[in-house]
Amino acid sequence: MNFVCNFPFISIIITLFSGPLCTILSGKWAKRVNEAVIVIVGILSACVLGYVGGTGEAFVYRMGHFPAPWGNEIRVGVLEAFMGFFFCVIMLLCMVAGAREREEEIEESKQNLYYVMVNLLLCSLLALIYTNDLFTAYVFVEINTISACGLIMIRQNGRTIEAATRYMIMSLLGSGLLLLGLCFLYDLTGHLLMSNIKEQVHILAQTGQYHIPLMVSVGLMSVGLAMKSALYPFHAWLPDAYGYSTLSSAAILSSLVSKGYIFLLIKIFYRVVGFEVLTGSKVANVLFVFGIIGMIMGSLNAMQEDQITRMIAYSSVAQIGYIYMGIGLATQEGMVASIYHVISHGATKSLLFVAASGLTAASAGGTRYRNLAGSGYRNKLAGIAFTVGSLSMVGMPMFSGFISKLFFAQAAVGHAHKMLPTFIALAISTILNAAYFMKMVISIYSPRYGGNEEEDASYAVQDGWNYGEVSHKEMRRNGGKVIFMKDQPVKAAALICFIVLNFILGLNSEPIIRMIQKGLAMFG
Amino acid sequence: MSRKIPEEQYRKTFSYKFTQWLNGMEEVPAHETDCMEQDTAQEKEEVRELLRRREKMNLSKRVYDLEHNKEILIFKKIYFVFSILFCVFLVAMLLTAVSALPEFGNADNPVNNEVAARYIENGLQETGAVNIVTGMILDYRAFDTLGESHVLFIATCTVLILLRNGKKEEEINDRTHEPKNDVILQTVARILVPPIFIFGIYVILAGHLGPGGGFSGGAVIGAGLILHLNAFGFVKTEKFFTAKTYRRISFCALACYSIAKSYSFYTGANHIESVIPLGTPGAILSSGLILLLNICVGTVVAGTMYTFYVMFRKGDY
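Residue numbers (this note's numbering), protein chains in the order written: chain F, 1 to 524; chain S, 525 to 841.
These aren't lab readings, by the way, just hints derived from the structure by calculation. It cannot be assumed that every hint is accurate.
[As the list claims (entries may be wrong)] Here are the computed distance ranges between Cβ atoms for each label pair:
no.	chain 1	residue 1	chain 2	residue 2	range
1	F	Gly50	S	Cys611	48 to 54 angstroms
2	S	Lys541	F	Val482	45 to 51 angstroms
3	S	Lys536	F	Asp306	21 to 27 angstroms
4	F	Ala409	S	Lys536	39 to 45 angstroms
5	S	Trp545	F	Ile203	55 to 61 angstroms
6	F	Lys282	S	Ile602	36 to 42 angstroms
7	F	Ala409	S	Leu609	36 to 42 angstroms
8	F	Leu420	S	Val635	32 to 38 angstroms
We put the beta carbon where it would ideally sit given N, CA and C, even for glycine.
Generate the whole structure from the sequences, applying the supplied hints.
So this is what it looks like as structure tokens:
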């Protein structure tokens, strides 16, 4: 066996080990350890990606001395390795961009605990990506849930505690349903290893035995994971959790945590249930319908939002709807489009969160439309980045969002019943996206500071936020302090990386699409 | 004004409303008075205070005045009906599914396959553990258990994030209130705590020989720690167990677990013969790494239980 095959295992173990390590370090050292770990894991994943791309077939890595149905194992293909690499890149950029906010918003004594959470979150994401065993997946789903909770509530104000409680309840319900579905599946097949379950499910589907429990189990697992990744009717936890937590948490949660679950769901569909059984069941149709409702309702909710972070958060609901719509098409093309959108949305949403924080900082902490007027001039790079992110979300050509919308539309062509609903939903959702994102972009580039003082003060009370040293008069004249790139070189670098990443995804999508297709072929 | 229509009329048009919406200024009077220019900081503070009070009143009216809020009443009714319907549906669905599952205890069930057979038949030779459950969770499927012990650890960290407060003085004051000299409790604790610890250690150490293991033994030791804390107070317990101790111990245990298991994963995957002997089944020093792993898991579990208790009681050590 090639030495590179050890890398997925090494990256999981390094991240797992660095979690407890951070508890005994000071905040500063924990930060360094965390960054080093993310970089190392990223490099290792890139090596694995190169290796698997070269050999052209997935490899299985045995965890321990016992072969698969008895022991644990992980399985690595092109898509898994690419996801591992991509998650590391996004996570590193998010952590780097949010460093200043973390220092301000998190208590000194809890700094190191934040990095414990991030390290274990990365570990659980990697394990979810690589695992070939359903129960291992469940164990790491637990770690993922708890660490995400910690990330939300580490910035302690009343709102985040409430948001974390909501997240906890919804997410645990999702975990419970997933576990229930898993137990059913184990009872029917007698296996926990994905490949073995698939064989058994195939036999069961052919003989028609245990049809009801099989369908219920597929349904339970889908609903459980949909709940955890905030598909529309289960999204209530999302806006607060993303809107009020500290910057790097919001960016990581929106672009990585929910995507990990979606990836697991796709993996379950391919490697556990099997595509034929999925298309035979009605589960995909349900996901399709809720995906479409989510696309539209998420955008409508975002339009009503006045606060920039909450608006971006609601936009996530809409984008998750896109992904589930693609999965719901239950075709190979639909899945490819969905996975591309996972990547594109992951890159864009974190960009938007970071840019929004830059704009907020240039408006003396104001987060509402009226406060942000003209902030695009005061923090030029953040303004540009926000515009790029918005255009990508709306689906302008050249940006990553366009490619995924194009692939969604292509996937729907020729689908007997789902073509028309997909097109209509795509059209409506694009218009709605444009309505609220362009409103924001126009607002940050309009020079005037609108609004009256009394109203601002009342919002200030609501948000628990004050203007700081900037008086109202000054605020009205200038809107806040000007932020130059050289003031925040790290954040600026992260933003530039995000913008470049978006352009790469938008202009050079061909190899990535081919990789996704190859990866999905390796799943089978 | 170069506008062709008068101001009043223009205000009613769609384009005016659209521009207002763009600026995020719906229902905001366009004229702005400049009288606020002369305001002193003090007056501003008063205005804010007033607004804060008004906001609170509005909130309580809107949120808590349940009797007169029709929306909430209607919502509650609909919610009530729907939740019952949903629960009935869910229960019915799950019952249908469960009734269609393979019959419990039947020998032909899919669960009774080669996986379980090997665990039972070869478990003793392959892992060296007499207790095959321990052999299963700490050797065959050690990766899952590695994840599981980190679940406990991260749960403690999250509770630390949630409940730890930086205010040292309040805490010290709080500690003076705890009962100090409860003779009955202290006597009972003095008799009970050592046997509890010894029993817990026994359960951990004998995990591979009989019923028990890290999780159960750790829970016993954790209970002993909590009893000691209740009887003798923080001052005496902190002589041997503080937050720092917990962190160091749990780091050592988890690191030990990770390193030990990494070795066995690495050798297993690369088909290298492991140098760790399995020993004679039934002896205390047997079954390879399992004893060590049980000790690690037990330490983490005991620390977790104690930390949970302390955090929920005080908010800090």
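Within 48 to 54 angstroms or not, the Cβ separation of F/Gly50 and S/Cys611? holds, 52 angstroms
Is it true that F/Lys282 and S/Ile602 lie within 36 to 42 angstroms of each other by Cβ? Since F/Lys282 and S/Ile602 have Cβ atoms about 27 angstroms apart, the given range 36 to 42 angstroms is violated.
S/Trp545 paired with F/Ile203, Cβ distance criterion 55 to 61 angstroms: holds, 59 angstroms
Regarding F/Leu420 and S/Val635, is the given constraint of 32 to 38 angstroms on their beta-carbon distance met? Taking Cβ atoms as reference, F/Leu420 and S/Val635 lie about 45 angstroms apart, which means the hint is violated.
Go ahead and decide if the range 36 to 42 angstroms is satisfied by the Cβ distance of F/Ala409 to S/Leu609. holds, 37 angstroms
Outcome of range test on Cβ distance (F/Ala409, S/Lys536; 39 to 45 angstroms): holds, 40 angstroms
Distance restraint hint 45 to 51 angstroms, applied to the beta-carbon atoms of S/Lys541 and F/Val482: Taking Cβ atoms as reference, S/Lys541 and F/Val482 lie about 32 angstroms apart, which means the hint is violated.
Satisfaction of the hinted span 21 to 27 angstroms by the C-beta atoms belonging to S/Lys536 and F/Asp306: With Cβ atoms ~24 angstroms apart, the hint holds.
Hints 2, 6, 8 from the list above are not met by this structure, while the remaining hints are.
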